[in-house]
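Number of protein chains: 4
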Amino acid sequence: MANSKFEYVKAFEQPDNLLPNTWIVVRVDGRGFTKLCAKYGLEKPNDKAALELMNAAARAVVTELPDITIAYGVSDEYSFVFHKNCLLFERRASKIVTTVTSTFTAYYIHNWSTYFPDKPLSAPLPSFDGRAVCYPSVDNLRDYLSWRQVDCHINNLYNTAFWTLIQQGGHDNNEAERLLAGTLAKDKNEILFSRFGINYNNEPEMFKKGSVVFRDYELVDPETHSSEIGADNTAQPVVQSKSQAEKDKKKRQKARVLVEHLDIIKDDFWLRRPWLLSNKPGKIRKET
Amino acid sequence: MANSKFEYVKAFEQPDNLLPNTWIVVRVDGRGFTKLCAKYGLEKPNDKAALELMNAAARAVVTELPDITIAYGVSDEYSFVFHKNCLLFERRASKIVTTVTSTFTAYYIHNWSTYFPDKPLSAPLPSFDGRAVCYPSVDNLRDYLSWRQVDCHINNLYNTAFWTLIQQGGHDNNEAERLLAGTLAKDKNEILFSRFGINYNNEPEMFKKGSVVFRDYELVDPETHSSEIGADNTAQPVVQSKSQAEKDKKKRQKARVLVEHLDIIKDDFWLRRPWLLSNKPGKIRKET
Amino acid sequence: MANSKFEYVKAFEQPDNLLPNTWIVVRVDGRGFTKLCAKYGLEKPNDKAALELMNAAARAVVTELPDITIAYGVSDEYSFVFHKNCLLFERRASKIVTTVTSTFTAYYIHNWSTYFPDKPLSAPLPSFDGRAVCYPSVDNLRDYLSWRQVDCHINNLYNTAFWTLIQQGGHDNNEAERLLAGTLAKDKNEILFSRFGINYNNEPEMFKKGSVVFRDYELVDPETHSSEIGADNTAQPVVQSKSQAEKDKKKRQKARVLVEHLDIIKDDFWLRRPWLLSNKPGKIRKET
Amino acid sequence: MANSKFEYVKAFEQPDNLLPNTWIVVRVDGRGFTKLCAKYGLEKPNDKAALELMNAAARAVVTELPDITIAYGVSDEYSFVFHKNCLLFERRASKIVTTVTSTFTAYYIHNWSTYFPDKPLSAPLPSFDGRAVCYPSVDNLRDYLSWRQVDCHINNLYNTAFWTLIQQGGHDNNEAERLLAGTLAKDKNEILFSRFGINYNNEPEMFKKGSVVFRDYELVDPETHSSEIGADNTAQPVVQSKSQAEKDKKKRQKARVLVEHLDIIKDDFWLRRPWLLSNKPGKIRKET
Numbered sequence: 001m002a003n004s005k006f007e008y009v010k011a012f013e014q015p016d017n018l019l020p021n022t023w024i025v026v027r028v029d030g031r032g033f034t035k036l037c038a039k040y041g042l043e044k045p046n047d048k049a050a051l052e053l054m055n056a057a058a059r060a061v062v063t064e065l066p067d068i069t070i071a072y073g074v075s076d077e078y079s080f081v082f083h084k085n086c087l088l089f090e091r092r093a094s095k096i097v098t099t100v101t102s103t104f105t106a107y108y109i110h111n112w113s114t115y116f117p118d119k120p121l122s123a124p125l126p127s128f129d130g131r132a133v134c135y136p137s138v139d140n141l142r143d144y145l146s147w148r149q150v151d152c153h154i155n156n157l158y159n160t161a162f163w164t165l166i167q168q169g170g171h172d173n174n175e176a177e178r179l180l181a182g183t184l185a186k187d188k189n190e191i192l193f194s195r196f197g198i199n200y201n202n203e204p205e206m207f208k209k210g211s212v213v214f215r216d217y218e219l220v221d222p223e224t225h226s227s228e229i230g231a232d233n234t235a236q237p238v239v240q241s242k243s244q245a246e247k248d249k250k251k252r253q254k255a256r257v258l259v260e261h262l263d264i265i266k267d268d269f270w271l272r273r274p275w276l277l278s279n280k281p282g283k284i285r286k287e288t
Numbered sequence: 001m002a003n004s005k006f007e008y009v010k011a012f013e014q015p016d017n018l019l020p021n022t023w024i025v026v027r028v029d030g031r032g033f034t035k036l037c038a039k040y041g042l043e044k045p046n047d048k049a050a051l052e053l054m055n056a057a058a059r060a061v062v063t064e065l066p067d068i069t070i071a072y073g074v075s076d077e078y079s080f081v082f083h084k085n086c087l088l089f090e091r092r093a094s095k096i097v098t099t100v101t102s103t104f105t106a107y108y109i110h111n112w113s114t115y116f117p118d119k120p121l122s123a124p125l126p127s128f129d130g131r132a133v134c135y136p137s138v139d140n141l142r143d144y145l146s147w148r149q150v151d152c153h154i155n156n157l158y159n160t161a162f163w164t165l166i167q168q169g170g171h172d173n174n175e176a177e178r179l180l181a182g183t184l185a186k187d188k189n190e191i192l193f194s195r196f197g198i199n200y201n202n203e204p205e206m207f208k209k210g211s212v213v214f215r216d217y218e219l220v221d222p223e224t225h226s227s228e229i230g231a232d233n234t235a236q237p238v239v240q241s242k243s244q245a246e247k248d249k250k251k252r253q254k255a256r257v258l259v260e261h262l263d264i265i266k267d268d269f270w271l272r273r274p275w276l277l278s279n280k281p282g283k284i285r286k287e288t
Numbered sequence: 001m002a003n004s005k006f007e008y009v010k011a012f013e014q015p016d017n018l019l020p021n022t023w024i025v026v027r028v029d030g031r032g033f034t035k036l037c038a039k040y041g042l043e044k045p046n047d048k049a050a051l052e053l054m055n056a057a058a059r060a061v062v063t064e065l066p067d068i069t070i071a072y073g074v075s076d077e078y079s080f081v082f083h084k085n086c087l088l089f090e091r092r093a094s095k096i097v098t099t100v101t102s103t104f105t106a107y108y109i110h111n112w113s114t115y116f117p118d119k120p121l122s123a124p125l126p127s128f129d130g131r132a133v134c135y136p137s138v139d140n141l142r143d144y145l146s147w148r149q150v151d152c153h154i155n156n157l158y159n160t161a162f163w164t165l166i167q168q169g170g171h172d173n174n175e176a177e178r179l180l181a182g183t184l185a186k187d188k189n190e191i192l193f194s195r196f197g198i199n200y201n202n203e204p205e206m207f208k209k210g211s212v213v214f215r216d217y218e219l220v221d222p223e224t225h226s227s228e229i230g231a232d233n234t235a236q237p238v239v240q241s242k243s244q245a246e247k248d249k250k251k252r253q254k255a256r257v258l259v260e261h262l263d264i265i266k267d268d269f270w271l272r273r274p275w276l277l278s279n280k281p282g283k284i285r286k287e288t
Numbered sequence: 001m002a003n004s005k006f007e008y009v010k011a012f013e014q015p016d017n018l019l020p021n022t023w024i025v026v027r028v029d030g031r032g033f034t035k036l037c038a039k040y041g042l043e044k045p046n047d048k049a050a051l052e053l054m055n056a057a058a059r060a061v062v063t064e065l066p067d068i069t070i071a072y073g074v075s076d077e078y079s080f081v082f083h084k085n086c087l088l089f090e091r092r093a094s095k096i097v098t099t100v101t102s103t104f105t106a107y108y109i110h111n112w113s114t115y116f117p118d119k120p121l122s123a124p125l126p127s128f129d130g131r132a133v134c135y136p137s138v139d140n141l142r143d144y145l146s147w148r149q150v151d152c153h154i155n156n157l158y159n160t161a162f163w164t165l166i167q168q169g170g171h172d173n174n175e176a177e178r179l180l181a182g183t184l185a186k187d188k189n190e191i192l193f194s195r196f197g198i199n200y201n202n203e204p205e206m207f208k209k210g211s212v213v214f215r216d217y218e219l220v221d222p223e224t225h226s227s228e229i230g231a232d233n234t235a236q237p238v239v240q241s242k243s244q245a246e247k248d249k250k251k252r253q254k255a256r257v258l259v260e261h262l263d264i265i266k267d268d269f270w271l272r273r274p275w276l277l278s279n280k281p282g283k284i285r286k287e288t
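For the protein sequence lines, the chains are A, B, C and D, in the order given.
full-length UniProt numbering puts the first residue of the first sequence at 1, with every later residue one more than the last.
full-length UniProt numbering puts the first residue of the second sequence at 1, with every later residue one more than the last.
full-length UniProt numbering puts the first residue of the third sequence at 1, with every later residue one more than the last.
full-length UniProt numbering puts the first residue of the fourth sequence at 1, with every later residue one more than the last.
Mixed in with the good hints there might be a few duds.
A pair holds if it fits inside one copy or across any two, identical chains being indistinguishable in the list.
Unchecked claim - Below are the BS3-like pairs computed for lysine-lysine, each with C-alpha atoms no more than 27 Å apart in a straight line:
hint, residue 1, residue 2
1, K247, K35
2, K286, K48
3, K283, K251
4, K249, K35
5, K39, K249
Don't read these hints as lab results, they were simulated from the structure.
Here the structure is a predicted model, which is why all the values come from computation and not from measurement.
Using the sequences and the accompanying hints, generate a full structural model.
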């Protein structure tokens with residue numbers, strides 16, 4: 001049977017390939033998570049189980065998509081970074097962004113009962129939206145990640161102060177808001193410490209720094225290595241020999257995908273993990 | 001704390017609003033579903049439970065997103081149609097396509113155990129990719145849907161013949177392929193009937209026609225109504241009065257979301273359901 | 001010599017094909033024409049020669065690009081309409097928009113001395129920018145053209161009153177501005193008539209209505225023809241037989257390209273010239 | 001008079017801002033210049049006057065648009081490079097590409113009679129199309145320019161051999177083509193030298209290398225300067241102080257815009273002219 005009469009409609013699909021040689025960041029965001037927090041009675045300002053569920057989903061995404069070099073999550077959002085040389089799906093934006101968002105959603109839903117055994121899911125289910133953004137330089141990429149981590153810090157300090165004023169100080173929302181209006185970081189630290197004896201520095205790292213997901217290899221000593229950050233400035237995607245590609249693939253599969261809570265703004269994090277920007281797998285860590 | 005130093009990276013997000021006054025079709029496709037079928041031992045050529053799980057997920061998507069006027073599914077793909085006047089998310093492509101794909105995935109994963117109680121999910125989990133395409137005219141839109149339904153018919157007839165040759169005829173894959181090479185529809189019907197006593201017309205409608213999902217209102221008699229297909233040719237999104245919008249919303253919520261297996265190529269389907277193209281809810285059916 | 005080492009840079013060119021089955025409007029705008037008017041001492045509020053030069057350039061563009069069905073110009077801007085079925089340059093946006101803008105510029109510069117024999121051009125030369133916009137329906141397209149013609153009317157009435165107050169009323173710019181602030185159309189008409197004896201209706205049509213450029217065929221009587229505006233709602237570009245395409249091409253070449261000053265907002269203009277929207281050439285007019 | 005009824009059509013204009021922090025190359029190409037060469041009897045394989053007219057137009061474009069840091073032309077094409085930090089027209093693609101193409105066309109037409117006093121222009125006039133491409137890194141940008149210059153070399157060597165075989169060797173087109181089929185560069189050099197006594201190296205630089213257009217400042221000694229190519233890797237457009245911006249502007253206006261015929265593939269060209277990639281004007285040359 002001839003299908004050709006209708007097939008012309010395929011011509012309406014418009015190409016959306018992302019500019020080559022740019023870092024691709026896919027950010028997924030929880031849809032209506034304020035409502036979701038209320039519905040399932042999640043803890044304020046941070047629900048440990050909810051964050052760990054996000055991290056588990058992100059870890060699964062990074063594991064399934066080896067083109068992702070690093071991911072960073074805070075609150076109900078997660079950013080996934082594809083290396084600038086990545087050619088996955090011919091860099092088609094909608095294919096990349098939906099694959100990440102769908103895979104993330106799948107693990108989030110599937111793992112929910114592990115993290116919330118007493119809170120069965122019901123419709124409307126949690127879901128996520130996503131977008132892809134291109135960053136031309138390593139500096140732009142790191143500034144993006146720094147932006148998200150600074151945001152994490154600012155929001156978490158505010159929320160910690162806000163909810164402490166309510167939960168321990170007995171204030172209502174309006175009062176808490178008014179008490180914090182116009183305050184600087186040190187003022188909020190001071191309120192927490194002097195009124196409630198809370199040293200913000202002792203709060204859990206996951207709350208203060210968010211979560212970083214990446215493949216783990218042997219750390220590099222920045223002193224003894226002349227590693228320049230993002231030194232792999234190949235203008236053109238390197239076509240690897242087949243055997244080299246196979247080796248890299250195996251190394252990536254052997255590498256553990258970690259979830260940590262580190263400062264990713266300072267150079268140190270990147271200098272010690274050159275594989276994150278070079279796209280060359282590092283040395284597999286010996287088990288200890 | 002000043003966040004502004006890094007905030008410039010927001011400027012790299014590029015707008016992706018879809019052209020106004022065009023029908024938006026979001027199609028989601030199962031990723032690597034051939035492997036998935038093998039892994040969970042799904043039936044060939046059609047697994048009824050798998051299709052019903054797809055339909056359940058699609059039904060949930062249509063229920064949650066009232067901007068969707070109709071959806072059509074076949075095999076491991078589903079197409080969702082947003083009315084040309086739809087302004088959801090300011091018509092941002094990535095927001096629309098990820099919301100649909102993520103919501104679909106969420107229900108697919110969540111409902112899996114209902115349809116496959118004996119086949120627990122394990123990593124890698126099922127996931128979907130998606131894309132959005134704009135169609136300027138009602139004819140283009142209907143041709144798109146016809147294209148998918150013709151595809152369903154062609155593929156299902158072929159697959160039915162192919163798997164019958166294997167499962168009942170004792171042929172192997174290569175033989176079955178060779179026997180069907182170059183055959184027309186009537187030849188495949190003849191093979192099924194003369195060799196296996198199978199009348200293709202008696203196959204389940206869901207297999208032959210795919211599945212249509214839409215809100216149910218009282219059908220209209222095309223004879224007595226001067227309904228012209230897609231007659232609502234408003235050039236500009238109509239700004240409704242608030243009370244009218246509220247009324248429409250309530251009607252949509254009251255309407256049942258149906259999953260049926262109908263011919264959507266012929267005019268009759270559309271003439272009897274003018275609300276699908278007009279974006280005005282019909283008359284709520286009286287319960288019987 | 002191997003060129004391949006550098007050729008990879010071609011991959012950075014991104015496709016920009018415009019959505020099929022939509023009307024393409026390319027609008028060119030004079031760059032810095034306020035300065036240009038001052039530099040060459042053009043007349044206010046309308047310089048007849050300058051407008052006729054614009055029209056001559058537009059006429060040449062329409063003549064050279066038969067895919068253009070109609071053009072409309074006012075002040076230092078011109079809009080060119082390509083039929084929704086047009087496949088010129090595979091509908092690549094930058095190719096279409098630069099071809100129109102460059103051709104327009106070429107004729108504008110070349111013909112300058114014909115219209116301004118006493119004002120030789122000098123650097124910086126006049127130039128134009130351009131953009132392409134897609135309109136899905138005939139209604140959207142006509143609303144676009146109506147928008148430009150209403151704009152022409154509003155601006156010309158204001159400018160006529162403004163410059164009459166200055167040139168004949170002896171007011172300075174600020175006074176003229178103040179006198180017109182908040183006035184309605186009828187107030188401006190009244191000022192022109194009672195203070196200066198000017199009946200705005202008697203102003204030249206070119207100033208009041210702008211200029212329309214199109215191929216001329218025999219007009220159609222809307223009474224005796226059941227012509228429906230934009231009735232040619234073919235969903236898909238019609239592939240013509242070669243001989244039919246040749247016939248159409250010859251007809252188009254024979255047709256005179258007219259510049260007129262007509263109302264293009266009302267239906268009448270379109271009903272009498274069905275070829276503008278149908279993309280089928282009309283009947284060649286007999287010379288009289 | 002209310003214009004609002006039609007104004008909604010503005011919403012159909014879609015943003016087309018180019019990715020920040022990328023080099024923008026606008027390439028203009030002559031439309032149908034093979035025909036044009038025949039029509040005006042231009043010399044083969046290179047018409048000096050025609051190339052000089054291209055260069056004059058390019059020089060005018062660079063002079064009028066100080067955001068252009070360098071331009072490169074060969075045959076009937078010219079590439080204009082905007083610095084990655086350039087914010088002209090908010091980096092809107094169609095605005096940038098049409099402005100360059102229109103300005104180029106204006107000067108080409110206007111200056112035609114200077115270069116071809118005996119060949120008056122007639123319709124259809126010469127025109128150009130254009131496109132904009134983004135390159136994320138200095139390496140990509142330089143590879144783009146190298147691509148064009150290598151192309152110039154390959155084509156010019158071939159064309160020189162081809163037309164010498166015809167003009168001096170008495171061969172027809174087919175014979176010349178056959179004689180050159182499969183030859184390497186050294187074979188073509190040998191044919192030119194042994195049969196016609198032509199040393200290709202002595203051909204005019206403009207034919208062999210194409211033309212480079214840029215602002216002239218004092219050259220820098222790569223030995224004594226630690227200038228690293230493209231060292232100005234600012235991630236973010238630097239917001240200059242007003243007085244600094246004024247100073248830069250004046251320097252740019254004082255700088256002469258040169259047309260030269262140099263090797264732009266090797267590092268030397270760039271090392272001696274750091275202002276081309278740094279976007280900081282150099283030291284104004286003392287007149288000699």
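Hints, one by one, checked against the model:
no.: 1; hint: K247 - K35; in the structure: between (46 Å within a copy, 25 Å between copies)
no.: 2; hint: K286 - K48; in the structure: neither (31 Å within a copy, 49 Å between copies)
no.: 3; hint: K283 - K251; in the structure: within (8 Å within a copy, 52 Å between copies)
no.: 4; hint: K249 - K35; in the structure: between (41 Å within a copy, 21 Å between copies)
no.: 5; hint: K39 - K249; in the structure: between (42 Å within a copy, 23 Å between copies)
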